[in-house]
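> Under our numbering, the sequence shown has 37 at position 37, and the numbering climbs by one with no breaks.
Don't read these hints as lab results, they were simulated from the structure. Here a beta-carbon is modelled for each residue, glycine too, at the ideal position from N, C-alpha and C. A couple of the hints might just be wrong.
Listed below are the simulated DSBU-like cross-link pairs for lysine-lysine, each with C-alpha atoms no more than 35 Å apart in a straight line [stated by the list, open to error]:
id	residue 1	residue 2
1	Lys209	Lys222
2	Lys157	Lys40
3	Lys157	Lys46
4	Lys157	Lys33
5	Lys192	Lys209
6	Lys46	Lys192
Have a look at the derived ranges for each label pair, beta carbon to beta carbon [as the list claims (entries may be wrong)]:
id	residue 1	residue 2	range
7	Glu32	Gln233	27 to 33 Å
8	Glu48	Lys138	37 to 43 Å
9	Leu66	Leu92	26 to 32 Å
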Amino acid sequence: MNFSEYVAILSGNTDLLDKAKLEKQIAGLESEKQAFNRSKYSAKYKLEDYTAELDKAQSRFDRMSLDWNNLQGRIQKRSDGTIANPVQLDGLPPNADMKQIGAKLNQLADKARTGGQYEEIGSLYGFTLLVKTEMSEKEGVDIRVNRFLVQGQGNIKYTYSNGLIAKDEKLAAMNFLNALEKLPSYIEQEQKKIAEIEKDLPILQEVVKGTWSKEGRLSELKTELASVERKIQLSITPETKGEPAEQVEKQKETPNNSENIVRTKGLHLPRGVL
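Construct all of the structure, not just a fragment, from the sequences and the given hints.
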């Protein structure tokens with residue numbers, strides 16, 4: 001019990017006890033209603049975020065699928081069944097071998113300066129090959145890193161080994177093809193993300209559309225409380241006792257004869273003397 005209930009019991013007034021109980025029930029329901037509304041608002045914002053994220057994931061999935069389909073349609077295989085790696089780099093002849101390609105990429109890794117912009121350096125199966133110079137600082141020392149990327153029609157940039165070129169020339173030449181071969185795993189990740197979001201969306205939508213089921217009960221309790229409070233107010237309103245108001249007012253206006261009048265018997269006093 002709370003303090004109000006103790007006071008009501010000690011006073012012996014059942015109306016006060018009823019009032020305390022009603023106030024306790026109302027406070028509980030209003031707290032529950034506030035929690036429901038907070039949950040509803042939270043679900044609303046989360047629904048907006050999930051809807052936006054679903055659109056982004058669907059867009060990435062579509063664009064990655066486009067790139068993968070393009071790669072599948074253009075890919076070339078050698079007689080032994082392995083995939084060819086016809087990398088074309090600016091400054092190298094079209095028939096450059098893997099060693100030449102790797103050496104050129106390592107040269108770019110050391111000397112390229114793009115100022116944070118993407119710079120085109122060649123192509124592979126219709127995909128654009130890019131390099132970007134990134135600057136960072138470690139222990140007060142400026143660090144310059146060149147990262148290599150490959151971009152397709154979907155306008156998504158893919159990397160292998162975080163865009164860093166291997167020192168080995170043959171491994172370096174395979175960097176872009178290795179990046180493109182990871183496309184199926186990227187597409188699968190987006191599919192899983194889309195499935196998870198689509199599973200949660202209906203739940204969030206139901207919460208946002210939902211209404212609090214105890215609004216009617218809260219209204220009834222407030223009506224009961226108002227009735228009890230009126231009853232209590234009537235029981236403690238003091239009643240006016242004694243003479244009517246008119247007589248009381250007359251008494252206030254009538255001077256006290258004992259204080260203001262001197263009774264005389266046949267005695268004539270001079271004017272102005274009492």
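> Going back to the hint list, which numbers does this structure go against?
2, 4
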